[in-house]
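Residues 358 to 685, numbered by this note's numbering, are exactly what the sequence shown covers, in order.
Rather than coming from a laboratory, the hints here were simulated on the basis of the structure.
Hints are supplied without guarantee of correctness; some may be wrong.
[Said to hold, decoys possible] As a list, the in silico PhoX-like pairs of lysine-lysine whose alpha-carbon atoms are at most 25 Å apart:
(1) Lys516 with Lys628
(2) Lys459 with Lys402
(3) Lys388 with Lys369
(4) Lys613 with Lys516
(5) Lys402 with Lys670
(6) Lys516 with Lys402
(7) Lys516 with Lys459
(8) Lys490 with Lys388
(9) Lys446 with Lys516
(10) Lys402 with Lys628
(11) Lys446 with Lys492
(12) Lys459 with Lys446
(13) Lys670 with Lys446
(14) Lys613 with Lys628
(15) Lys516 with Lys383
(16) Lys402 with Lys369
(17) Lys670 with Lys645
(18) Lys645 with Lys613
(19) Lys613 with Lys369
(20) Lys645 with Lys369
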Amino acid sequence: MTNTDLQNDIAKIVEMVNNYIQIHVKFSNTKLSEASRHLFNAGGKRIRPYIMTTVFSIFNDENSLIIPIASAVEILHTFTLIHDDIMDKDEFRRGFPTVHTKWGENIAILAGDSLQSLVFLIITRSSLNSSLKIKIISDFSATLIRICEGQAMDLQFEKRNDVSVDEYLDMVSRKTGDLLALSARTGAIVAGANPDICNALSQFGMNFGIGFQIVDDILGIIGDEKFGKPIGSDLRQGKKSYVILAALSLLNSSEKNELEGLLVNNNLTEKQIERGISLIQSSGAIEKARDMANIFIQNALNNLEHLPSHDGKKCLQLLTQISLQRNY
Numbered sequence: 358m359t360n361t362d363l364q365n366d367i368a369k370i371v372e373m374v375n376n377y378i379q380i381h382v383k384f385s386n387t388k389l390s391e392a393s394r395h396l397f398n399a400g401g402k403r404i405r406p407y408i409m410t411t412v413f414s415i416f417n418d419e420n421s422l423i424i425p426i427a428s429a430v431e432i433l434h435t436f437t438l439i440h441d442d443i444m445d446k447d448e449f450r451r452g453f454p455t456v457h458t459k460w461g462e463n464i465a466i467l468a469g470d471s472l473q474s475l476v477f478l479i480i481t482r483s484s485l486n487s488s489l490k491i492k493i494i495s496d497f498s499a500t501l502i503r504i505c506e507g508q509a510m511d512l513q514f515e516k517r518n519d520v521s522v523d524e525y526l527d528m529v530s531r532k533t534g535d536l537l538a539l540s541a542r543t544g545a546i547v548a549g550a551n552p553d554i555c556n557a558l559s560q561f562g563m564n565f566g567i568g569f570q571i572v573d574d575i576l577g578i579i580g581d582e583k584f585g586k587p588i589g590s591d592l593r594q595g596k597k598s599y600v601i602l603a604a605l606s607l608l609n610s611s612e613k614n615e616l617e618g619l620l621v622n623n624n625l626t627e628k629q630i631e632r633g634i635s636l637i638q639s640s641g642a643i644e645k646a647r648d649m650a651n652i653f654i655q656n657a658l659n660n661l662e663h664l665p666s667h668d669g670k671k672c673l674q675l676l677t678q679i680s681l682q683r684n685y
């Protein structure tokens, strides 16, 4: 399995998911439809539907069964992004204006609400049997609650200077890990895999998600903002990302106090952002974060060993391995 093979496989599944989304994300109000479709048209990695569909393919080759559910998980993810951007006051995502920046907060809230409702409408209208629909709706609902809990924790952490690494990991397990765990687990459940396999894939998604988020934290400091959020946005918002927590634990007392002062400043200048990034980089926090991300990625790879030999397994293994080297 080469990187090119993986990219071709991703492109094939992304095309099916994108086509489904373009057909179904449509409302009678034109402005609401435009706002709801905005982030889908702005790109995105589609990792969650890709993982769900690839897991499914290991046990079942009827793609028509899983594409609606895989599209639903991407729609759910996008709904959370729209609302997160409002709460975080972010002006850009994926290099494009955020929904609330372009259409205003009221339409953005309605776009998120409409997408959330559409998720469950898609599941109920799918060709799955009734008992499976109920199970999936229950699982999606429980996951969404945990995502909201994670977002609440993230917002509360902005006002605190005593956040621990354990609290951070609890937060990202809810905000990021749970949806990836749901994606992997649902692919197995819909395909009819046994409970042990479903549990192993759930653990895979959780470990992958936490590792993925820590890499995101790194890219928020040293990445290229044309691929994502503006560099330094976590500093501006006082976020307690893993990188920032690591820096606070590694800096000497005067530098730690300086970084803490930047984190509580709601009106940072570009020069202050640059200083904050410099403090973080000089502390060794980037390297520490990469080491932590690697632990979770290795755990995710171990979880995949429970799967039978299949090209889909190889794709998931390679996807997991290269997640540490990504630049967006």
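- Check each numbered hint from earlier against the structure, then list the numbers of those it violates in ascending order. Violated hints (numbers, rising): 3, 6, 7, 8, 10, 11, 13, 15, 17, 19, 20; every other hint is consistent with the structure.
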